[in-house]
Each structure stands twice: as C-alpha cells, then as structure tokens.
Amino acid sequence: MTDFVNNRAGGAQVGRNVTKIDAFKLARGEPVYTDDVHPAGMLWAKVLGSPHAHARILDVDASRALALPGVVDVAWHRQVKPILHTRAGQSHPEPSPYDTVIMPDKARHMGDRVAIVVAETLAIAEQALGLIDVKYEVLPALTDMDEALARTDVLVHEVADPRGIAEGGRSNVAARIDKQVGDVSAALKTCDHVVERTYWLPRVQASHIEPHVAISWLDEDGRLVVRTSTQVPFHLRRILARILELKEADIRVVKPRVGGGFGDKQEMVMEDIVALMTLRTKRPVRLEFTRTEELTSARCRHPQRIVMTTGVMNDGTIIANRMNVTADTGAYGSHALTVQGNTGQKVLPMYPCANIHFQVTCLYTNNPISGAFRGYGAPQGCFALESHIDEVAKVLGMDRLELRKKNHIRLGDTDPLSAKLGEGREGLSRVIRSTGLETAIEMGCDAIGWTRKRPPSAPHLRRGLGMALAMQGSGIAGVDWGAATVKLNEDGSVNLAVGATDIGQGSDTVLAQMCAQELGISYEKVRVLSSDTDLTPFDVGAYASSTTYVSGGAVVKAAQQMRDQLAGVFAEKWACPAGDVVFGDDNVSCGPDKAMTMAELATHALYAAKMQPAATASHMSNESPPPFAAQFADVEVDPETGEVFLRRFVSAVDCGTPIHPGMAEGQIEGAVSQAIGYALFEEVIVDRAGKVKNPNFLDYKIASALDMPEMVTILVPTMEPSGPYGVKAAGEVPIDGPAPAIVNAICDAVGARLCRIPATPERVWRQIKEAGE
Amino acid sequence: MWELKEYRIAGSIGEAVAMMRRGPGKGVYIAGGTDLFLFPPACDYVVDINHVGMSNIARTPDGDLFIGAAATLHDIATCPLVTGFAGGLVSAAAAHCGNRPVRTTATIGGNLCNALPSADLAPALLALDAVCYIADEDSQESLPLEEFFTGPRRTVLDGRLLVGIALSAASGGWRAAARRLTRSAEDIALVQVAVALEIDGDRVGAARIALGSVAPVPMRAMLAEALVEGELIANLDPDRLADAAAIAAGECEPIDDHRASAEYRREMVGVLTRRLLASVLAGSTDTSPGTDNEGGAA
Chain W
195 MTDFVNNRAG GAQVGRNVTK IDAFKLARGE PVYTDDVHPA GMLWAKVLGS PHAHARILDV
255 DASRALALPG VVDVAWHRQV KPILHTRAGQ SHPEPSPYDT VIMPDKARHM GDRVAIVVAE
315 TLAIAEQALG LIDVKYEVLP ALTDMDEALA RTDVLVHEVA DPRGIAEGGR SNVAARIDKQ
375 VGDVSAALKT CDHVVERTYW LPRVQASHIE PHVAISWLDE DGRLVVRTST QVPFHLRRIL
435 ARILELKEAD IRVVKPRVGG GFGDKQEMVM EDIVALMTLR TKRPVRLEFT RTEELTSARC
495 RHPQRIVMTT GVMNDGTIIA NRMNVTADTG AYGSHALTVQ GNTGQKVLPM YPCANIHFQV
555 TCLYTNNPIS GAFRGYGAPQ GCFALESHID EVAKVLGMDR LELRKKNHIR LGDTDPLSAK
615 LGEGREGLSR VIRSTGLETA IEMGCDAIGW TRKRPPSAPH LRRGLGMALA MQGSGIAGVD
675 WGAATVKLNE DGSVNLAVGA TDIGQGSDTV LAQMCAQELG ISYEKVRVLS SDTDLTPFDV
735 GAYASSTTYV SGGAVVKAAQ QMRDQLAGVF AEKWACPAGD VVFGDDNVSC GPDKAMTMAE
795 LATHALYAAK MQPAATASHM SNESPPPFAA QFADVEVDPE TGEVFLRRFV SAVDCGTPIH
855 PGMAEGQIEG AVSQAIGYAL FEEVIVDRAG KVKNPNFLDY KIASALDMPE MVTILVPTME
915 PSGPYGVKAA GEVPIDGPAP AIVNAICDAV GARLCRIPAT PERVWRQIKE AGE
Chain H
1283 MWELKEYRIA GSIGEAVAMM RRGPGKGVYI AGGTDLFLFP PACDYVVDIN HVGMSNIART
1343 PDGDLFIGAA ATLHDIATCP LVTGFAGGLV SAAAAHCGNR PVRTTATIGG NLCNALPSAD
1403 LAPALLALDA VCYIADEDSQ ESLPLEEFFT GPRRTVLDGR LLVGIALSAA SGGWRAAARR
1463 LTRSAEDIAL VQVAVALEID GDRVGAARIA LGSVAPVPMR AMLAEALVEG ELIANLDPDR
1523 LADAAAIAAG ECEPIDDHRA SAEYRREMVG VLTRRLLASV LAGSTDTSPG TDNEGGAA
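Keeping their order, the protein sequence lines are chains W and H.
So the mapping is simple: our numbering equals the position in the first sequence, first residue as 1, plus 194.
So the mapping is simple: our numbering equals the position in the second sequence, first residue as 1, plus 1282.
Just chain H, with the same shape it has in the complex (with noise of 0.2 Å):
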C-alpha cells in the first residue's frame, strides 16, 4: 500500500519545481500515475503536475510539433498533429502502449521520465531526433533525448521537470515505421525497433534506427545508421540492409531475464531492423506495429 505524507498540487511549472525543491524527504512528480501505483516509490511527497499547462500538443509556427509533457497517451494516439506527422509514427507508438484504460491517463512525460529500457514512446521519438524541454525553478534548457537516459530508471533531470517534447518540422516529413515484439497483446515489448528515414530524390539523407528493451537505455543504433545514411537508394539491396541490420543487432546489449533471453533479443533486434528498413524504403503504408503488419510511411 502506498501511504504519502503530503499531495502537492502546482499551479504553475515554477511552482512544481519549487514545491519539489522544498522538501523535506524525497518526492516524486505525479500526472497519470499509472506507473507509479505499479511500483510505487519510497517518497514523503508527491507533486500533482496536472494543472500547470503542460497537456497541450501544438505545431510551432516553422511547423515543429510540440507535445507537452502531461499530454495523455490517448490524445497522442489519436490528434491530427501526431498522427500526421512522420507517417504518424509516434501517435503509433502511443497507441500500443498498454491498453485503452491506461492510455487515457498516462502521459508521454511519465512513460520518459520513468526512464525505464522498454519505454514504449522512446524508440520512435529517438527516430524522430527528439528533444526535451526541462524546466527549474527560473530556467529552461532543451537537450536531445539521447542524452536525458542516464540508466535504467534514471535520468537527467535530479528534481528539474519535464516539459515537453519537441520534432523538428523537417523530421516531419521523413518515412517511419516501428515495431514492439511481444508474448500477448498487453505485454511490455521484449524487442523494440524504430526506423525512420529521410527520403531525398534517389538517396537516403538522414537515417535514424533506434531501439528499445535491448540495452539499460532506449540508443540509437548509430554504426548501423552510419551504413544508410546519405547512401543512393539503388545501392541498399538486400544483403546492405541485412549488413545493417546485423551491426544493429551487434550494438544493442540486451539481458537475459525470465520474459526472453538475451540471444533471442539480438536476433530478434537484427530481423526488425532489416524488416523495417526494407518496408520503409518501398515507402509501405501501413502503420500496426504491435501486430504482424509492420511498415509506416510518410
């Protein structure tokens, strides 16, 4: 049973760093909350996050998409921006995070800051060149999301808040696809791969492979990317992507736990990738990751 001392509620972003800054003990920010009555944490306090303004999604005036930290996993799954954004690649990912219930509370701000390796939003945003907005007290820095992973369950941000996450219009464009292995439909992943390419006339410009529930972080599979990117389409046959794939599978460093082991991981890391880099290059439609369908597009 989860006993709390004292239930904060902010009204405003300075005011939840504050109220989190103050002590005494130790606390923990709460929106949807559906992760932290799973495990809930040794804490004197909980932060309510939810009425300082950080639910909205929004397309910048040079068209970058900004989701707000508290936006729930529903709206991401289903607004306009999102799903049109990328071949709707992370409304996607959204989508198959947990089920109907939870997603209309949990938020794409708990899925990241909970930081664990299976974090189902992860993958995609890494493939899309993410970057996190954190606020303190009187300050707000931006920083890549590759860099906000520290560990299993840890990140960079030691009491700051996160306020959101921003797409560069430019990402917007390129073609995605994704796919999360499971045992059942409601499962965390074992295996997670997202793949998101910029298509530009006959070649590939920037080629991103991210990866999730293979390492102590949801990484980018940066040597295998290096091995597509900028490259003429008619040079990344078969055996190229299978090339690809294969130093994808080597970067990863999964584990061996009771849900799969870490030999079926790697391999499973190599056939994904090879998978979806072959359906985004032939510019598949079909967005249903989750399911045997895999492929997305833009």
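This is chain W alone, in the form it adopts within the complex (with noise of 0.2 Å):
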C-alpha cells in the first residue's frame, strides 16, 4: 500500500479556500458549456421513443418524414449493425451486462429508441417525429419486480449476454449477489431477539440542471470529434470505437464545463446517437434531452426493496446481519451488478460483526432505465440499515444512540465484507485506517440538541430527532486510476492536464491547488485542462468519489517528479545540492544567497538549459479509506395533515483533510439537499402500463431552496495516510444519512414508523392512523 508523505511546505496552498478557478467564466455567462458554441452546419436530432413500454420494432417507414423539407436523415435498427456493448461508463471490462445495441429491434421500456431523425432545424425534426410509421408487435409489459422474477415466458432480454454476466434468455434477473460471512441463520438462533422489517426505496432521478447534450463533427482530417456533457470521456472513446468500428485514434471526446452530473453522466445515454448521425451524414449532429426525456429515458436511482434481519443480545451487541435486496435495473443493465454490491458493502461494515450476509437479486423490467446516482446504491441500503437500527433498538428498549456507539466501526477494524465484494468480483480487504466518527457523532449531537430537544414551535404539531451514521469509499480499490501531466512555461506558470472531469464539483480547483502545493507556487499560476482524449492523460472519470483522493495523487507525483527535475536544473546553475534546493512562495532557493523566481528558473530551463520541465505521472490505489458521517434532523410533523417540516440539519463529516473546506462543505450541502427531496418527496411515478406519469418539474418535486432547513455543517478533519495530504472523499458520503435520519425523526415525533420513501404527506398522514389503529 501506497502511503503519501502528508506535509505541507512553504505557503499553504491546500487546506484553504481559494476561488472556484472557474468560478467567474460560470458567472459571467461565458460560452463554457456543450450547447453554447453550434459548428457551422450543425443538424438538430430527436428521437422517436417508443410509446410501448414492451414492443419489437417490425418495421419503419421513414418515408414521410424524409419528404420533410429540412429532414436529412432518419435511422432505425435495421440500418445500424447491432453490437452488444454497455452504456455503463466503467473501466474495462465492464461488470454491467452486454445487453444493449445502439438501435434495438425490441423496445423495452417507454421512451426506448425506435427511430433518430436529424433535421435542419429543431421544429423540423420534431414535426418529423409524427411522419415516422412504425409497425409494433406489442409485448406484455413487465413492471413489477416480483412479476418479473416470476415468469420466463416474457424475457425483456432474450439474448445471453456474450461473457455469461445476466441470466439471458433464461429469466429476467439482471444480477446476483450472494456473499456471507460467518452463518447467519445459525448465529440468529443463538440471539435474544431477531429483528426483521423491509424497507422499500424510490425510483428518483438526480436532475441535474444541464441535461444530456452532445454535438459531434468530423474534423478536418476526418476524425469524430464528440463534445459532450459527460462524466466519462475515456470510457467514452472506448466504447464508441468498438460499436462505432472505429480505431480510439480517430476520435476525440472533448469534456467542456459540466453543469451537474451525481452519476447520470457516467453513461453514455446519447453520444452514440450523434456520433452515428454524423457518420451517416458527415454533418455535425446536436442532441439534448428535454426534462421529460431526462425522466423517461436518461437514468434513474435503482428502486429497491430490502429485507432487514438483525440478530442481537439483550446487552445490544449485534451477533448478525443479514440484507436481502431486490432491486429493479429497468429496460437494460447499466450498473445493476455494481450499485446494489454497493448497496450492502457500502453499508453493512458500518456495523463489523462475525455473521453478515449480504444477497441481492436485480430484475429486468419494463420500466425506465436505472443506473448510477451519486451514492451509488449505499442511500437504499443506509436508509435500511439506519431505519433498521432504530427499530431494533425499540425492541430492546436501548438508547438508540448507545446502540449505534456500541456496534459502530472503529480505527483499526477490518471492514468485513469488502474482500468478499468487490466492483463485481474479489475486492481488496479494507481496514480502517483514519476515522473521525467518533467525534462526528459527539460534535452533530451537540449541534442538534440530542440531548435537549426542543419543545414544538405550535401546539398542533410534534417534534422529533432522528439520526443516522454513513460510510462511503474513496474511488474503488485497484480498479479506478488516473493520470496528470504538468509543465512549466517560462513564466513560472504551468499548465495541468488531467483526464480527471470537472463536472462542477470543483475537482480542476483542487487539483490545481494541489499542484500549486507541491511546487511551492501560487494556485493562481496554475492553468487546467479537463479533459480532452487528444491532449489530457487518461482518467476513469468523475465517479465513486474519486477524483481528489485517487487523481489528486496523479497530480501530486506528476508535481513532484516535475519539481526534481527543476531541483536538477537549479542545482546545476548553481552548484549546489539537489536535495537541498527548497521551493516556496514562488521561489527556488539553496541556502540565503542562491534564489531565483519560479519565472526565472523556468525562463533558464527554457533558453540556457534547453529542457521542458514537464512530467506525467498515474496514480491508482488498491485501498479505498470510507468517509464518515454522522447526519442529524430535527422535525416537526403535524399529525393530522401529514405534513413534515424539517427545522434543522446537521451533518458532521470526516472527508479525512479537506484541501477546500469550503468545497467540500458545499459538497455536503449539496448532497443533504439532494437527500430532502429522496426523503420527502421525489418519486418518478410509473404505472402498470410502464407510464412515467409525472415527467415534469411541475410533478416532480425536488428541493428548492424554500424547502432547506438551517443546516449546519461541520467538517471533522482526519488525516488519511493512503490520501495525498490526508484526504479521502466527501461527494457521496453525506447522501446517504438524511433520508434515515429524517425519517427516524418523524418516528420520534409521532411513533410511526415509515418503512418506504418519499415521506410525503398523505403516506405521513395514513401511517399515523394504522399505527393508531
């Protein structure tokens, strides 16, 4: 195991809240993003989506629409050579089922592509959309989870995958995990009591604010340029060579500014549609999603159902754990091996006992797609667990907060399950190396009022606490990686090129302070490039909280190798020492009298030395240290409405060392918010034909800021070893707590107990009167 040498020396460059580097662009309104710069000659796409949930696509004739003055072109299934491949963006070899072709020949759920039209314009190419014939075979659609379970006479896959992941052609199931360690049916009849309820997750949809949008060209040499709202522009190129029967030479995926992600965009959920439209017509091709397409046909959260069965003695100690999970993939696979793994192994370690058994099993059906969604699986399984923890501490009429300080993970323990369950194979064992939990629980009881909850603001209303603790990772052990190169301009600037995707988070900021960091300059004379395959490094991408624990440390030794070079050259101008040349405040120095500038070492390197100081170097690491948080809420419910108003939130976080505080508590914010709106009210509705029946912001609800409570946000510093400068994550972990927590406040105020989510008012409302009844 790779462990960084975590000092800090000169100026400090990290641990401080510098500007976002591309914070006043994103003010001004500079054309920064995918759709604000059209190439000339640019076609408008749209997709005709099937109005079946479940239908084979017989026959097109496209024959009206091309009549269409301004139609170019119109493409179905049986112009374009069906290569099975995942629109998952995972690195190689994908552990998401090959289960889908760029145009099938079966829609699979509503919104499924049957047929693209391009266009001169975007009226145009709507109004195509209605001259397209299109004759169906209609399938019975599969919509339910145990429907689909249960019969192997509709199959929404029929074919098996090529490397033998799902069950096709055989039944419907996506996935299946079955991992124990120790015997947890044995372990149960030695306890004092078996708690078991079940826990039923929604379909929601992360709503970003810039939906999917992707425009591609040829350029002057012939090459397919795709500049494209994405999280993933390696995986990107990769996959579209292989089904576009092109060498990754002859592409370019450019990454402009990214307006929001939280995982929709680790898929390739349209640039194989422009990138097709363009080949056919050697045009430039633009498509985006409208909201409603964002909530019929881009990705969802997986809705799960998860069986609890917890086995504990009279004292609290917890003897065995069990989750059974059944989660619901939609039309095709994306991450259904990967985000329900997450679903036990991000969370059952929160608890270390000797008896954890961990089964999932993931249905095809015919509702919309699933897929990855900032958290990745651990909000369905924290909300179980941590709802789960406060019934089992009813049951043994224990503090809840005793039993979770009882069973909770601690420094040096071994996460159980990890070596069981990798990213869809064997993982690396995990043991806790850096854990602030302890003080997160302490310092978020004391912001909360744990112990002196506070009386109801009305007499008709009730008030409650709730709390849940969450664990996460740091990228995913031995698998994810990424690259950075550094080079210095005779100026004393430098520029960094990362394959690492900024997509809001703030990771180019970071990276660059880190650069900074290391070759003892300010971060303003750092200048980043993310990402462009032709000229950045590779990258996994913006995922699985990775980018500055597992990139930061690229940028770290690509500094660092670039800084002993410079130290090299320093040493050679002035016949001093290399190992003694210190670099700081934009300075190099050996000793009082032997100093230059950054500007002038670098301008000497250039002209008298004649070398580029530049380096590249990659980084990957085979540990994946969890973040830790301990999130608290604090309710009012009006019993006889159903109503929920959350007064307070708190979220104490130990993201290891933060090199933006600021940052990393907006990553927190941001996530609780998100979180509100799981817990509260966001669900994408779909009926038994396989309809999205609210696929609007109008119906939809997320958070808006009139929904936030006080929330207050405390960052509790570790210092991770294996984490350059100590770091570990903080986009996911902080997603994972509020729903439970909110949810276990409403019990505490009205001792009801909700056992599914969103908590809207009328389920609040009938809860409360069964648990009267």
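Possibly wrong hints are sitting among the right ones.
[Unchecked claim] Here are a few chain H residues that sit away from chain W, every Cβ distance over 10 Å (derived from the structure):
no.: 1; residue: G1296
no.: 2; residue: A1300
no.: 3; residue: V1310
no.: 4; residue: R1465
no.: 5; residue: A1467
no.: 6; residue: E1468
no.: 7; residue: E1480
no.: 8; residue: V1553
[What the hints assert, rightly or not] Chain W is faced by these chain H residues, among others (derived, beta-carbon under 10 Å):
no.: 9; residue: A1448
no.: 10; residue: R1461
no.: 11; residue: D1469
no.: 12; residue: R1547
Worth flagging that the hints you see were computed from the coordinates, not collected in a lab.
Cβ coordinates follow ideal geometry from the N, Cα and C atoms, glycine included.
Take the two lone chains and join them into the complex the hints point to.
Here is the structure:
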C-alpha cells in the first residue's frame, strides 16, 4: 500500500478556500457548456421514443418524414449494425451486462429508441417524429419486480450476454449476489432478539440542471469529435470506438464545463446517437434531452425492496446482520451488479459483526432504466440499515444513540465485506486507518441538541429528532486510476492537464491547489485543462468519490517529478546539491544567497538548459478509505395532515483533510439538499403500463431553496495516510444519511415508522392512522 | 416548442377583445405568460394585454378594493391596499404561489382565467365574495366569482376579457385565514381552504368557506357555511366546528391522482376547515398559509 508523505512545505495552497478556478467565467455566462457553441452546418437530432413499454419494432417507414423539407436522415435498427455493449461508463472490462445495441429491434421501456431523425432545425426534427410510421408487435409489459422474477415466458432480454453475466434467455435476472461472512442463519438462533423489517426505496432522478447534451462533427482530418456533457470521456471513447467500429485514434471526446452529473452522466446516454448520425450524414449533429426525456429515458436511482434481519443480544451487541435486496434495473442492466453490490458493501460494514449475509436479486423490467446516481446504491442500503437500527433499539428498549455507539466500526477494524465483494469480483480487504466517526457523532449530537429536544413551535405540531451514520469509499480500490501531466512555462506558470472531469464539483480547483502546493507556487499560476482525450492523459472519470483522492494522487506525483527536474536544473546552475533545493512562495532557493523566482528558473530551463520541465504520472490506490458521516434531523410533524417540517439538519463529516474546506462543505450541503427530496417528495411514478406519470418538474418535486432547513455542516478532519495531504472523499457519503435521519425523526415525533419513502404528507398521515389503530 | 403565427399587442381593452374576435383561427390572451409557456395551447395568435391599463390596484371612494387582471402576484402580495384587506388573505395567497421570479410575472387574471381547480388565488377571493368584471368589445358585465368557473380550464369568458376583480368594502373587515397543503414548498396545492367570517359583536355574520383542488372548479362549501353563519360565537364550540368541517368535507368532490388520493384530500378539507374556523374565531393574527402556522385575522 502506498502512503503519501503528508507534509505541507511552504505557503499553504491546500487547506484554504481559494476562489473556484472557473467561478468568474461561469458567473459571467461565458459560452463554456456543450450547447453554447454550435458548429456551422449543424443538424438537430430527435429520438422517436417507443409509445409501448415492451414491443418488437417490426418495421419503420420513414418515407413521409424524409419527404418533409429540412429532414436530412432517419436511422433505425435495420440500418445500424447491432454490436452488444453496455452504456455504463465503467473501466474495461465492464461489470455491467452487454445487453444494449445502438438501435434495438425491441423497445424495452416507454421512450426506448425506435428511430433517430436529424433535420436542419429542431422544429422540423420534432415535426418529422410524427411522420414516421412504425409497426409494433406489442408484448406484455413487466413493470413489477416480483412478476419479472416469477415469469420466464416473458423476457425483457432474450439473448444471453456474450460474456455470461446476465441470465439472458433464461430469466429476467440482471444480476445476483450472495455473499456471506460467518453463518447468519445459525447465529440468529443464538440471539436474544431477531428483528426483521422490510423497506422500500423509490425511483428518483438526479435532475442535474444541464440536461444530457452532445454535439459531434468530423474534423479536418475526418476524425470524429464528440463534445459532450459527460463524467467519463475516456470510457466513452473506448465504447464508441468498439460499437462504431472506429479506431480510438480517430475519436476525440471533449468535455467542456458540465452543469452537474451526479452519476447520470457516467453513462453513454446519447453520444452514440450523435456520433452515428454524424458518420451517416458527414455533418455536425446535436442532441439534447428535454426534462421529460430526462425523467423517462435517462437514468434513475434503482428502486429497491430491502429485507433487514438483525440478531442482537440483550446488551445491544449485534451478532448477525442479513440484508436481502430486490432491485429494479429497468430496461437495461447499466450498473446493475455494482450499484446493488454497493448497497451492502458500503453500508453493512458500519456495524461489523461475525455474521453478515448480503443477497441481491436485480431484475430487468420494462420500467425506465436505472443506473449510477450519487451514492451508487448506498443511500438505499443506508436507509434500510439506519431505519432498522432504530427499530432494533426500540425492541431492545435501548437508546438508539447508545446502540450505534456500541456497535459502529472503529479505527483498526477490518471491514468484513470488502474482501468478499469488490467491483463485480473479489475485492481487496479494507482496514480502517483513519476515522473521525466518534468525534462526528459527538459534535453532531451537540449541534442538533440531541439531549435537549426543543418543544414544538405550535400546539398542533409534534417534534422529533433522528440520526443516521454513513460511510462510503474513496474511489474503487484497485480499479480506479488517473493520470496528470504538468508542464512549466517561462513565466513560472504551469499547465496541468488531467483526465479527471470537473463536472461542477470543483475538482479543477482542488487539483490546481495540490499542484501548486507541491511546486511551491500560488494556485493562480496553474492553468487546468480537463478533459480532452487528445490532450489530457487518461482518467477513469468523475465517479465513485474518486477524484480528489485518486486523481489528486496523480497530480501530486507529477508535480513532485517536475519539481525534482527543476531541482536538478537549479543545482546545476548554482552548483549546489539538488537535495537541498527548496521550493516555496513562487521562489526556488538553496541557502540564503542562491535564489531565483520560479519564472527565472523556468526561463533558464527553457532558454539556457534547453529542456522542458514536464512530467506525467499515474496513480491508483489499492485502498478505498471510507469517509464517515453522522447526520441528524430535527423535524416537526403535523399529525393531522401528515406534513413534515424539517427545522434543522446537521451533518458532521470526516472526509479526511479537506483541500478546499468551503467546497467540501458545498458538497455536503448539496448532497443533503438532494437527499431531502429523496426523503420527502421525490419519486418517478410509473404506472402498470410502464408510463411515467410525472415527467416534469411541476409534478416531480425536487427540493428548492424554500425547502431548506437551517443547515449545520461540520467538517471533522482526519489524516488518511493513503490519501495525498490526508484526503478522503466527500462527494457521496453525505447523501446517504439524510433520508433515514429524517424518517427516524418523524418516528420519534409521532411514533409511526415509515418503511417507505418519500415521506409525503399522505404517506405520513396514513402511517400515523395505522399506528394509532 | 410553441410556434406562433402572430403576436398582437393591444392598446386598449376594447381593442384587445376586437383583436381576439378577429380571427382567423384560435387566439389566447397573454399577460405574464407563465402558465401559457408551461402548457402552450394550440392557437394561431396571442393577444398581449400588458398595455391596456389593467395592472392597477386601487380602493374606490366607497372603500371597495379593485385589482386589475394584469396586476402581478408580487404586486398583490406586497401592495398595502391588499395586505391590509381582510387580514391580508389575498396577499398571502399570492405570496405562496410559485416562487419570486414567477410571481413578478404571473398575474391574477392568468391565475383565474386558466381556471385550474388548484388556482392559488381562487379560494381567498371566493371567501371574500369577489366580483369579476368582464369586458366585451363595447360592453362590460360583472358577476360573482363562483359563476366565473364552469369546469376545469373552462370559464364563462368565451373570447371576452377579464378586466379585474372587486372586493366589497365590507369584506375588508372580515376575519380570515387560509391554508394550502403541498408536498414540497413550491408545488401545486393538494388541498386549499380559505375561511372568512364577519364578526358582528357576539355573533358571526357572513361566513365563507372556500375550497380549492378538491373539485372540478374552486368552490364554496355553502352547507358548511350555513352551520356557522348568523350563529352566536358562544354556540360555536369545537363539536359544532367539527360538524361544519365534516359537512365541508362532504361537499367537495376530490379525485385520485398521482399527487394525492381523493380520500386524503377529503379528510384534509375537514381537518383544515375545522382548524381554520377555530383560529379565525380565536382571532389569531398569524397569516402564513403554506407553513405550519395557520391563521389570519382582521
């Protein structure tokens, strides 16, 4: 295992709240996003989505559409070579089933691709959709997980995955997991109490502000350029090359600024469409999803049903834990195995015990497609486990905080599941080498007033407090890696090129700080380029909370290598030992009388020594140290209407040593606001026919500023030895705990346990009525 | 995408109606346009009524409150003439509609003429006996707001123009409160109830209970009102209020949809009516419908 020497020489560039590197251009509304620049001669694409949840596409007659002036091309399955692949943007070989082709001959959900139109204007493209005549053979729609499991006469996917992951052709199971440590069934017989409950999690959508949008064209050398709002440019290039039968060398993927991704852009949602149509028409093609298409045809968080079975002794010692997950991957199996794997792997280790059993059955249905979404399975598992811990405490008659304190994972503990369960295969074992969980619990309790619950603000309200603990990872151990290139210019500035993708979370800023820290220069001297497959080195992309921890490691190594080169140049000029050269405050020196500015040294290197100081380094970690969160909710509930008023929300988070504390807090507060929607009102409602009933923001409610409680965010720094400057991840862990904390607080207020979210007023009202009966 | 053939800008009320009647094809009026752009109607032209002098809010010499149909929700939420009228009931309704950017553009006329069962201003206005002024090319008529709505998204207008709303000076002194129930803060109301009572010494004079989102049109619960109207306040004990609330719940005609069930909506009409009657009678002075603090006052 590689540990970083976590010292900070010179003026500190890390650990302070510098101005976000792209803040001004974003605030000024500069044309920085994919759709801000349209190449000349660009065509507008639209997707004809299936009106049926499950239907064979027998024939497509596009003659009427093609006759419409301005329509340039229509493509459908007979014209496109079917090469099986997954649209999940994961490292090769992907652990998701190869169950997808560019244009399917069978629609598997309402909105699935039937035909693509490109036209001279958007209006013409939209009009042309209505002129395409399609002959369908409508098939029974499987929209219920249990029905999908029970039936083998109707299969969402009839062809087996060529690599044998899915049970294609035999059942509707997209992924199964059955991993056990110890023997749960035997252990449960020895326990004083066995508590079993079932929890239900809804289908929700990431709702990034910038929708999916991609523009492609052929450059002057005939190479395909795809400018797209993505988290995974390098995975995209690899997948596109394979399914379009091009060489990677002939594809360039450019990621400009991105207006949010949250996992929904860790997926090739549309880049293959624009690329295909550019190759067919030789013209630039642009496609953007409407919000309705986002809610019907992008990706959702997997809906799950989780049965938790816990065996405990009278003193509160947890002896055995079983988590049984049934999940709905929808029409395709993007991230089916790995999201569900995370549901247990990132959650169950919170309470290590000798007997842990984790089971998953993930099903294909004719519902909208599930996929990656911030938290990646952990929010579902955390809701079940942290709700369940409160239920166990109630059965024991024990304080729920004490039960957690007695059992939670501690420094030096081995996470019992990680070795059994990696990214779709055997993983690496994980020992906790840094944790601020105890401190987080203590500080969080204090901030929420755990021992001095406030009275209700009005006589008709009831007040309650709830808490939840969460842990996640920092990248995928042994899988995620990234590279960085640094290059010095004669004015002492540095170009930093990274494959890591800034998607709004601020990684360009954090990586610039780390680069500046190593070189002893101020971060304003660093110019960051992210990401362009022609110009930046490889990185798996922004997902799995990996960028600061993994890509940051690459930046530190590259900067160190270039610093060593510069020390050599300096040592030669001044005839001093290279090992004594000191970098800091934009200066380089060796003792009091041998000194020059970084700009002088750079000029010397380029024009006298005639060498380009530059380095490329790669970094991968065999560890994925968990960040920890203790989160607390203070709610008031109106028992007559079921309304929940979230008054205060406290997050105390150990994300290692933050590089930019302000942005770490921003990650936490953003995650909490997304999770408030998950807890209280977000749900993509799909009817039995597979139709989304609320495909717009009028009815799919996400939290707005008006829904925000008083938010208290506490960073609990620790020094993680495997992370550069002691960092761990911050992006995902804070989205796990809010839903169970809020629901536990509702239960504390009114005595009704909601095993299903979102906790809408009507659901809370019904549960209160049921509890009272 | 909404592609219009023609955008007509009217300079006067009469011209607006004439432009609407002229054809060819179908036209719609546009003021703030916030609802029109959400659900663009199939039409050939729009008639812009932002420049016909309908955005005024005024007290008449007899003390009636007149609100022009093109007054924005933000103006209504903040204008002292409205905030000071019947405990600010209409202002509060406007203040809880949509969000600030929407309210600076959306108008009271648009809110009413769209005639959604959930129109945010309707219950408050119904509870204060609002009267609508409607213009034709060369004539005007007025009618009670209850008669304005004829069905979901349907009104009596038929090409005519809603000019404004008037509230009588008397209703300005009524005690009132309202409450809207939503899932998130910015949401279509699941249930709306507005209650206004004329307090005449130890007795209730006029009593109004208006409901939204629980019937094809915003409505009054007149049977429930009858149980309260003219009663001695001393007789309006919790049981009596509960009876009135139960009657109101029986009067509404809610539906099941993906936002809430009919059963829940009906129950909530009962809960909110009972609580609003009690708080208005108690003279609570807090007006913040849409939060947990119900109430209102005069």
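Going through the hints against the structure:
1. G1296: Non-interface label on G1296(H) holds, nearest chain W Cβ at 35 Å vs cutoff 10 Å.
2. A1300: 31 Å, holds
3. V1310: 19 Å, holds
4. R1465: About 4 Å separates R1465(H) from the closest Cβ of chain W, which leaves it inside 10 Å; violated.
5. A1467: The claim is violated: A1467(H) sits with its nearest Cβ about 3 Å from chain W, within 10 Å.
6. E1468: 5 Å, violated
7. E1480: Since the minimum Cβ distance to chain W is about 26 Å, E1480(H) lies beyond 10 Å and the statement holds.
8. V1553: 5 Å, violated
9. A1448: 31 Å, violated
10. R1461: 9 Å, holds
11. D1469: 6 Å, holds
12. R1547: 9 Å, holds
Of the numbered hints listed earlier, those contradicted by the structure are 4, 5, 6, 8, 9.
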